[in-house]
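**Q** Given next are the chains, with one letter for each unit.
There are 2 protein chains.
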Amino acid sequence: MKYSIGIDLGGTDIKAGLLAEDGTLSCRTVISTQVNEGARAIARRIAGVIKQVISVAGETDPPIVCSEQIIGIGLGSPGLIIAESGIVHFSPNFPGWCDIPLLDYVNGALKNRAWQAMDIPLYIDNDVNVMVLGELHHGAGVGFDNIVGLTIGTGVGGGVVIDKKVYHGNWNTAGELGHTIVKPDGRKCGCGNRGCLEAYAGARHIVERTQEQIVAGRKTCMNPEQLTPKKIADAASAGDELAREIFSETGRLVGVALTSIAHILNPQLAVIGGGISAAGEDLLFQHIRKEFNKRVMDIPGKMQIVPAKLGNDAGLVGAAMLAYNHKGKV
Amino acid sequence: MKYSIGIDLGGTDIKAGLLAEDGTLSCRTVISTQVNEGARAIARRIAGVIKQVISVAGETDPPIVCSEQIIGIGLGSPGLIIAESGIVHFSPNFPGWCDIPLLDYVNGALKNRAWQAMDIPLYIDNDVNVMVLGELHHGAGVGFDNIVGLTIGTGVGGGVVIDKKVYHGNWNTAGELGHTIVKPDGRKCGCGNRGCLEAYAGARHIVERTQEQIVAGRKTCMNPEQLTPKKIADAASAGDELAREIFSETGRLVGVALTSIAHILNPQLAVIGGGISAAGEDLLFQHIRKEFNKRVMDIPGKMQIVPAKLGNDAGLVGAAMLAYNHKGKV
Numbered sequence: 014m015k016y017s018i019g020i021d022l023g024g025t026d027i028k029a030g031l032l033a034e035d036g037t038l039s040c041r042t043v044i045s046t047q048v049n050e051g052a053r054a055i056a057r058r059i060a061g062v063i064k065q066v067i068s069v070a071g072e073t074d075p076p077i078v079c080s081e082q083i084i085g086i087g088l089g090s091p092g093l094i095i096a097e098s099g100i101v102h103f104s105p106n107f108p109g110w111c112d113i114p115l116l117d118y119v120n121g122a123l124k125n126r127a128w129q130a131m132d133i134p135l136y137i138d139n140d141v142n143v144m145v146l147g148e149l150h151h152g153a154g155v156g157f158d159n160i161v162g163l164t165i166g167t168g169v170g171g172g173v174v175i176d177k178k179v180y181h182g183n184w185n186t187a188g189e190l191g192h193t194i195v196k197p198d199g200r201k202c203g204c205g206n207r208g209c210l211e212a213y214a215g216a217r218h219i220v221e222r223t224q225e226q227i228v229a230g231r232k233t234c235m236n237p238e239q240l241t242p243k244k245i246a247d248a249a250s251a252g253d254e255l256a257r258e259i260f261s262e263t264g265r266l267v268g269v270a271l272t273s274i275a276h277i278l279n280p281q282l283a284v285i286g287g288g289i290s291a292a293g294e295d296l297l298f299q300h301i302r303k304e305f306n307k308r309v310m311d312i313p314g315k316m317q318i319v320p321a322k323l324g325n326d327a328g329l330v331g332a333a334m335l336a337y338n339h340k341g342k343v
Numbered sequence: 014m015k016y017s018i019g020i021d022l023g024g025t026d027i028k029a030g031l032l033a034e035d036g037t038l039s040c041r042t043v044i045s046t047q048v049n050e051g052a053r054a055i056a057r058r059i060a061g062v063i064k065q066v067i068s069v070a071g072e073t074d075p076p077i078v079c080s081e082q083i084i085g086i087g088l089g090s091p092g093l094i095i096a097e098s099g100i101v102h103f104s105p106n107f108p109g110w111c112d113i114p115l116l117d118y119v120n121g122a123l124k125n126r127a128w129q130a131m132d133i134p135l136y137i138d139n140d141v142n143v144m145v146l147g148e149l150h151h152g153a154g155v156g157f158d159n160i161v162g163l164t165i166g167t168g169v170g171g172g173v174v175i176d177k178k179v180y181h182g183n184w185n186t187a188g189e190l191g192h193t194i195v196k197p198d199g200r201k202c203g204c205g206n207r208g209c210l211e212a213y214a215g216a217r218h219i220v221e222r223t224q225e226q227i228v229a230g231r232k233t234c235m236n237p238e239q240l241t242p243k244k245i246a247d248a249a250s251a252g253d254e255l256a257r258e259i260f261s262e263t264g265r266l267v268g269v270a271l272t273s274i275a276h277i278l279n280p281q282l283a284v285i286g287g288g289i290s291a292a293g294e295d296l297l298f299q300h301i302r303k304e305f306n307k308r309v310m311d312i313p314g315k316m317q318i319v320p321a322k323l324g325n326d327a328g329l330v331g332a333a334m335l336a337y338n339h340k341g342k343v
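Residue numbers (this note's numbering), protein chains in the order written: chain A, 14 to 343; chain B, 14 to 343.
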């Protein structure tokens, strides 16, 4: 059996795990990221979890022999990642990072004679790209080759997988699906543009849209103070009209964006994950599909829309899949 | 020197020509399509122009030896083309055609012993896909690998080229860029959707938008009867305020669609052709670029927007390039 190590680098935690060819995750480990300690310290912590996973794997029965069975290590990171050269160009989670050669740093931190002899390759990609890759190989996208993925959470991330590999485009920004325009003169988005999907479906925007309606006099059981998407979803589940409308409108606009995406890329499947997507079929997905099916061209190979399956594991599984992909194993 | 034959199948004419590796077109020939005679008759007419091009090529000095120097034949056709199997699924230019195996018909019509011995492969793709391929290899896209193209004319067609090859997606409808949504509750599009780019920038829609403004009382030198995009462009060039606004708004919406496209695909270049694009820099392109630059993410590898270069030859050049592409020659 072959294995690869997946690392999910977040602003709070660094998670790591060992992925077997058959999709089984084991040897999980988590340490805190300590963002304030800077990039080189984070690279050392990443090297630390890598060594820990390898050490735990070596103690399994039968032991997994690192130099023979572990084909590579993949790292998923938020931000604009230059995958080819292992550089974090920019990341909202790591303030001040600008063109950080993170893979070089990690390789440097791993350096010792034994490690070099093993020569295990290290890969990096954007965390949402990696999530989509994970879903394709071991989640909701199994059996497909060309899929897109959206994570609807704080922001709206996206990823495009073509022929089972992450598609990066010209400068590693393909798949910014959250910045598909859904209303050209609409809400201001964090990216500077107006009317992006994220400016409607991102957590802060869902809250603001709700608060604006309450201020405008809409009746609701919700308290506009300290509102969260979770509270809005709960109110919607309890039958609050405004909360239901906020989610149906969000779903409608996701459907608008997915229509453009389907017409541009004609993928087989769109996988939707992230915290907001937990609102589920009744509050969200039925509205996405209804809008999409109303709008999209009627062709035999119409894109399917499904919720993500791997949940919090998608980052680890997808990161580990980077190694399989580069090895041309899958 | 290697050559391939390009055929541009239109509703009115079938054009053909011989493309040399260096991009030179020769041995051009045109016959009328005679749509009403049906698919098999059109296939025979296509076979006829192929033989004519081969015959003319054999009489050049030095003669081009078909069996040795002509590596393939490419055909560009309007409509939804299933490139892999050589089938026209549907085409607005050929009423009633449904899943016509056009390449089989053409191969059948070419059949004789001499032809079979030569074994020259035949390829087909959508006419706009082919136009973008032609621009990449011998037009405005020379030097690039990943580009998109728009033809703004009667409709708004599109094509996506990735790694110098047409990208088809799951069911041959990738690159329907004219059906990127620019206003979700906007004008009704021919495809059944609302607010597609085509519903603003297609010829009929440019005329209707102008007429609606005139009916609403806008002052203009234009006569609302028998208006055409050309007449509106002429009025705009002569300084007519309404006409200028119609074009600047059209440009603005092309810029909105291109922003979504850039965020989804991150291509290096967008090539824009078609009759409406003849309005040029002052009336159209400056507005497209201004809107795009205002909206798109500020990354180093930002997409460039340029007019198409090959004009009426793009169809022939691109169709002929299908053969080079399949041979893995380019």
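A portion of the hints provided could be inaccurate.
One copy or two, it doesn't matter: identical chains are merged, so the pair holds either way.
[Unchecked claim] Mimicking DSS-like on lysine-lysine, the simulated pairs with C-alpha atoms at most 27 angstroms apart in a straight line are:
#1 Lys322 / Lys201
#2 Lys315 / Lys201
#3 Lys15 / Lys178
#4 Lys307 / Lys178
#5 Lys303 / Lys15
#6 Lys178 / Lys303
#7 Lys322 / Lys124
Hint data in this document are derived by calculation from the structure and do not stem from the laboratory.
**Q** Against each hint, give a clear statement of whether it holds in the structure.
**A** Checked hints:
1. In this homomeric assembly, Lys322 and Lys201 never come within 27 angstroms of each other (Cα to Cα): the closest approach is 31 angstroms inside a single copy and 36 angstroms across copies.
2. For the homomeric pair Lys315 and Lys201, the shortest alpha-carbon distance between copies (21 angstroms) is at most 27 angstroms, but the shortest distance inside one copy (31 angstroms) is not.
3. Taking the shortest alpha-carbon separations for Lys15 and Lys178, only the intra-copy value of 19 angstroms comes in at or below 27 angstroms, while the best inter-copy value is 34 angstroms.
4. Taking the shortest Cα distances, Lys307 and Lys178 never come within 27 angstroms of each other, neither inside one copy (30 angstroms) nor across copies (31 angstroms).
5. When the C-alpha separation of Lys303 and Lys15 is checked against a cutoff of 27 angstroms, the pair qualifies neither within a copy, at 42 angstroms, nor between copies, at 52 angstroms.
6. For a Cα distance limit of 27 angstroms, the shortest separation of Lys178 from Lys303 qualifies neither inside one copy, at 29 angstroms, nor across copies, at 34 angstroms.
7. When the C-alpha separation of Lys322 and Lys124 is checked against a cutoff of 27 angstroms, the pair qualifies neither within a copy, at 36 angstroms, nor between copies, at 53 angstroms.
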